[in-house]
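Participant: The listed protein sequences correspond, in order, to chains L and W.
Each residue of the first sequence is one higher than the one before, counting from 2 in the numbering used here.
Each residue of the second sequence is one higher than the one before, counting from 2 in the numbering used here.
Possibly wrong hints are sitting among the right ones.
Below, computed lysine to any residue pairings styled on SDA-like, alpha-carbon distance capped at 25 Å [what the hints assert, rightly or not]:
1) L:Lys225 - W:Gly132
2) L:Lys228 - W:His226
3) L:Lys228 - W:Glu166
4) W:Lys228 - L:Pro197
5) L:Lys228 - W:Lys228
6) W:Lys225 - W:Cys239
7) W:Lys225 - L:Val44
8) W:Lys228 - L:Gln128
9) W:Lys228 - L:His261
10) L:Lys225 - W:Arg305
11) W:Lys225 - W:Arg305
12) L:Lys225 - W:Pro197
13) W:Lys228 - L:His194
14) L:Lys225 - W:His261
15) W:Lys335 - W:Ser275
16) W:Lys225 - W:Arg165
17) L:Lys86 - L:Gln128
18) L:Lys225 - W:Glu227
19) L:Lys225 - W:Asp199
20) W:Lys298 - W:Arg165
21) W:Lys225 - L:Arg321
22) L:Lys228 - L:Gln128
23) W:Lys225 - L:His226
24) W:Lys228 - L:Arg321
25) L:Lys225 - W:Gly159
26) L:Lys228 - W:Gly195
27) L:Lys225 - W:Tyr200
28) W:Lys225 - L:Phe169
29) L:Lys228 - W:Thr230
30) L:Lys225 - W:Thr230
31) W:Lys225 - L:Arg259
Only part of the chain W face toward chain L is listed, based on derived beta-carbon distances under 7 Å [what the hints assert, rightly or not]:
32) Gln158
33) Phe185
34) Lys225
35) Lys228
36) Cys239
37) Pro244
38) Met248
Calculated from the structure, these hints are not laboratory results.
Model, not experiment: these values are computed from the prediction.
The beta-carbon is built from N, C-alpha and C at its ideal position, and this holds for glycine as well.
In case you want the letters, here they are:
Number of protein chains: 2
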Amino acid sequence: RVFPETVTEDSIEDSIGRPLFVLFRNLAELSEDDSRRLPLLTVLSEMYSRCQRIGYLLLYYLQASTLGDDEGGKIASNGKSQVFKELCETQDRELEAGLLADLKLCQEEDVNLLCWLLPAVYTQFPQVAIGNTALLHLVVSTVDARQLQELVCRVVQGRLVMFRENSFQEVLSASLSWETFEQFCLWQLVTAHGIPIDYVLPILPRLDYHNHAEALTAILLMLKHEKPTAELVKQVLCREVGPAGDMFVVSALRCWCRDHEERLGELVATLLASCCPQASPNKRKRGKTSGNPSAEKLLGHLDRLRSGCRQLYKLDCMQRALQQAQTSCTEAQKNHFSNLFALVELDDPGRGKGRGRKPNHNTKSKSKTYKNVSDTSEESSEEEEVVIKHKQAKKRKKINPVNSDSD
Amino acid sequence: RVFPETVTEDSIEDSIGRPLFVLFRNLAELSEDDSRRLPLLTVLSEMYSRCQRIGYLLLYYLQASTLGDDEGGKIASNGKSQVFKELCETQDRELEAGLLADLKLCQEEDVNLLCWLLPAVYTQFPQVAIGNTALLHLVVSTVDARQLQELVCRVVQGRLVMFRENSFQEVLSASLSWETFEQFCLWQLVTAHGIPIDYVLPILPRLDYHNHAEALTAILLMLKHEKPTAELVKQVLCREVGPAGDMFVVSALRCWCRDHEERLGELVATLLASCCPQASPNKRKRGKTSGNPSAEKLLGHLDRLRSGCRQLYKLDCMQRALQQAQTSCTEAQKNHFSNLFALVELDDPGRGKGRGRKPNHNTKSKSKTYKNVSDTSEESSEEEEVVIKHKQAKKRKKINPVNSDSD
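Only chain L is shown next, with the shape it has when bound in the complex:
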């Protein structure tokens, strides 16, 4: 075991005092055109092919030898990675494959050393390391809370970059099959890197609430930090209307509804209107705005959102958009979303430009019908998303209560 248990500058210097490191040292310090270099590299290559450990020990040496080297050091920063690259070449190995294999072995043999090496690996081999999903998986499958803390600290300071926006979709896709703990670590690193939500959302339609709970939870918590925008609302509503257990869309919208009700109403209404073409024959042919969810999907989400967000539907803009949607719907759709369209207060002459909270001027019976619909959905809201109502008929067991016996 090379890596010292207690990490100090001295203990690390001591650790690279062994004969093996003399070889590394000479190789690293001889200039590239020095004729004595090739024989050394050949020896090292021979050793490496018999003992793979040589790989990560070289990485360790290169990092440890320049530690606190205030005078600049004899090994320039890119010289460090150069020696390792050459070693890989002697084995006909790609740098990426070599680096990963060596770090994997390091993980198996000395996980503390691996964690100590990581920041240097990302700094020395940025082309290969940054955004590399295999390396990232190695990291999150290795770290404990303390080591994760160290990485997060470095990332937050801007001194360590493990992935970038442009490679993030790939990272995210790969992470979906990782262990829960590993994904929890990843999402802390995502926050540390400050990856904007725009680079996260494209994966949303692919996420399944049953298999990708970690990612959906993390994205939901990201959305909670954001104010609703047309783009965000659209991306969220592009998800399929999932089974009752899939609460993602409803949760995101209800969350926004709590703090940004009017804004959310405007955005949803605009989106709904653009998805439901006006009924006039000339306009009916207009192509769907690209990337928008279908009207059916949108109505499906709004139908599930009814309970708990009643005020949202009373906004003027929402009322108009729902009316327009109703007009452009097929009969089947009108039936299917009858509860949703019941929220349209068609006959109310008292509705003005305001927020629609004025007393209801409908006839008694109308008003009562409307009230019942929403009251019911309000009461059952607690359960309606965990229980799949796959049969319409009630079939509660009729059990004789005590009284019927004793009477």
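Let chain L serve as the given structure and place chain W on it in line with the hints.
Facilitator: For chain W alone, kept in the frame of chain L given last:
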């Protein structure tokens, strides 16, 4: 096993068709002054004292029987908790103790049932459940990613409250001894609840980077979302100047420095000035502003922040504050923080009101001295926080390089 594997309204209704639940049903539906109620309660109590499982099965029945009960149901919401309370009373058990013991048993015997019950438990027994650290620990030690997702969704929607601001310090303190995974779950719930950072920070001085990595990481990521304010900066700087491995303060400040350099400079300068009384004898006696960090602590943090934030120290406000601090320091402190005070550009006549990025008007030698100090710290910044430089003298092993032999 009572709880169905596939949760649907029907399967749950079926599950409470067994004879045991007839007893529960009668107890729940008989009015409180009905004389037939006491005998039933006595029977139930007798059963409970022999088979503790009765407790969580009752909780299950009370929830399951009113599921999707659109007509309002015979058991009012507070009636549900009432029956369970009465059962606890018959055992001379506090409600809290009874609830926890029963849910703990439920966790051991059917973890899926526990997760299904949780939202109802928090809703039905808010006084006992909300902010209860033992219950919360039970939750986070139980849930998997999917179950956590469900809780987070409910919390984000505002339909579930597991803890509040006022009880949060207690929750946080308790969580410090939990498993890493459990703490990761907690912090997702914290984000879901939207607990403001003001309720989190008071614990900061007690957190140790070695033992409380989870909390420190989570708080650092919270701070990353915040803009620096006088209060936040003060709270962060109130932490002890930890060992080199404790990167919390440096990370938070560097993170702010990247996006809010000038604002951070103003806030730190104001704080520093208020901690270092003017040198005039009359003012020296002023008491330290309460809650402020000591000047020594503040200088300690600033000393560690030097590398990587050089521009911060060039701000006029920082220069003035550092000068003032230098004047009010003891000789020992001046020596100890000599590198920090070397950043004061005392003799520069060219410094105006600006950001201090003008060319240096110092004499050559002065300028060089200054440059060296900061360059050094810049280069070694990568390592200086992981390596404790506990000896001043270099003691790198002198190994003969190849050349000395061959020459």
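Participant: Each hint: holds or not?
Facilitator: Comparing the hints with the structure gives:
Of the pairs offered as hints, the one joining L:Lys225 and W:Gly132 holds, with about 22 Å between alpha carbons and a cut-off of 25 Å not exceeded. Between L:Lys228 and W:His226 the alpha-carbon distance is near 14 Å, which keeps this suggested pair within the 25 Å criterion. Taking the CA atoms of L:Lys228 and W:Glu166, the gap is about 23 Å. The hint holds against a cut of 25 Å. Using a Cα cut-off of 25 Å, the hinted pair W:Lys228 and L:Pro197 holds, with the two alpha carbons roughly 17 Å apart.
As the CA atoms of L:Lys228 and W:Lys228 are separated by approximately 17 Å, the hinted pair is consistent with the 25 Å bound. Pair hint W:Lys225 plus W:Cys239 holds up; C-alpha atoms about 18 Å apart against a cutoff of 25 Å. Taken as a hint, the W:Lys225 and L:Val44 pair is broken in the structure, with Cα atoms around 49 Å apart against an allowance of 25 Å. With a C-alpha separation of about 33 Å, the suggested pairing of W:Lys228 with L:Gln128 is violated against the 25 Å cut-off.
In summary, the hint linking W:Lys228 to L:His261 is supported, as the alpha carbons are separated by about 21 Å, within the 25 Å threshold. Simply put, L:Lys225 and W:Arg305 have alpha-carbon atoms about 35 Å apart, too far for the 25 Å limit, and the pair is violated. At roughly 19 Å between alpha-carbon atoms, W:Lys225 and W:Arg305 fall within 25 Å of each other, so this suggested pair holds. A distance of roughly 13 Å separates the Cα atoms of L:Lys225 and W:Pro197; the hinted pair therefore holds under the 25 Å criterion.
Pair hint W:Lys228 plus L:His194 holds up; C-alpha atoms about 16 Å apart against a cutoff of 25 Å. Restraint check: the Cα-Cα separation between L:Lys225 and W:His261 comes to about 23 Å, which is no more than 25 Å; the hinted pair holds. Of the supplied pair hints, the one linking W:Lys335 and W:Ser275 holds, its CA atoms being roughly 18 Å apart against a limit of 25 Å. For a cut-off of 25 Å, the pair hint linking W:Lys225 to W:Arg165 stands: about 22 Å separates their Cα positions.
Between the alpha carbons of L:Lys86 and L:Gln128 the distance comes to roughly 12 Å, so the proposed pair stays at or under 25 Å and holds. Of the pairs offered as hints, the one joining L:Lys225 and W:Glu227 holds, with about 15 Å between alpha carbons and a cut-off of 25 Å not exceeded. Of the pairs offered as hints, the one joining L:Lys225 and W:Asp199 holds, with about 18 Å between alpha carbons and a cut-off of 25 Å not exceeded. A distance of roughly 33 Å separates the Cα atoms of W:Lys298 and W:Arg165; the hinted pair therefore is violated under the 25 Å criterion.
Distance check on the hinted pair: W:Lys225 and L:Arg321 sit about 41 Å apart at the alpha-carbon level, beyond 25 Å; violated. Between L:Lys228 and L:Gln128 the alpha-carbon distance is near 35 Å, which puts this suggested pair outside the 25 Å criterion. A distance of roughly 12 Å separates the Cα atoms of W:Lys225 and L:His226; the hinted pair therefore holds under the 25 Å criterion. A C-alpha spacing of about 40 Å is found between W:Lys228 and L:Arg321, which places the hinted pair above 25 Å, so the restraint is violated.
Proposed proximity of L:Lys225 and W:Gly159 is supported: the alpha carbons are some 12 Å apart, at most 25 Å. Restraint check for L:Lys228 and W:Gly195: the C-alpha separation of about 14 Å stays at or below 25 Å, so the hint holds. Taking the CA atoms of L:Lys225 and W:Tyr200, the gap is about 19 Å. The hint holds against a cut of 25 Å. Between W:Lys225 and L:Phe169, the direct Cα distance comes to roughly 20 Å. Compliance with the 25 Å bound is thereby established for this hinted pair.
With a C-alpha separation of about 22 Å, the suggested pairing of L:Lys228 with W:Thr230 holds against the 25 Å cut-off. Taken as a hint, the L:Lys225 and W:Thr230 pair is honoured in the structure, with Cα atoms around 22 Å apart against an allowance of 25 Å. For the hint pairing W:Lys225 with L:Arg259, the CA-to-CA distance comes to about 24 Å; that is within 25 Å, so the pair holds. Interface restraint check for W:Gln158: the shortest CB-CB distance to chain L comes to about 4 Å, inside 7 Å, so the restraint holds.
Annotation: interface hint on W:Phe185 holds; nearest CB of chain L at approximately 5 Å, less than 7 Å. The interface hint given for W:Lys225 is met, as the beta carbon of that residue sits about 6 Å from the closest beta carbon of chain L, less than 7 Å. The beta carbon of W:Lys228 comes no nearer than 13 Å to any beta carbon in chain L, farther than 7 Å, and the hint placing it at the interface is violated. A cut of 7 Å between beta carbons decides the hint on W:Cys239: the least distance to chain L is about 18 Å, and the hint is violated.
Proximity of W:Pro244 to chain L is violated relative to the hint, the smallest CB-CB distance being about 11 Å (cut-off 7 Å). The beta carbon of W:Met248 is positioned within 7 Å of a beta carbon in chain L (closest approach about 4 Å), and the interface hint is therefore held.
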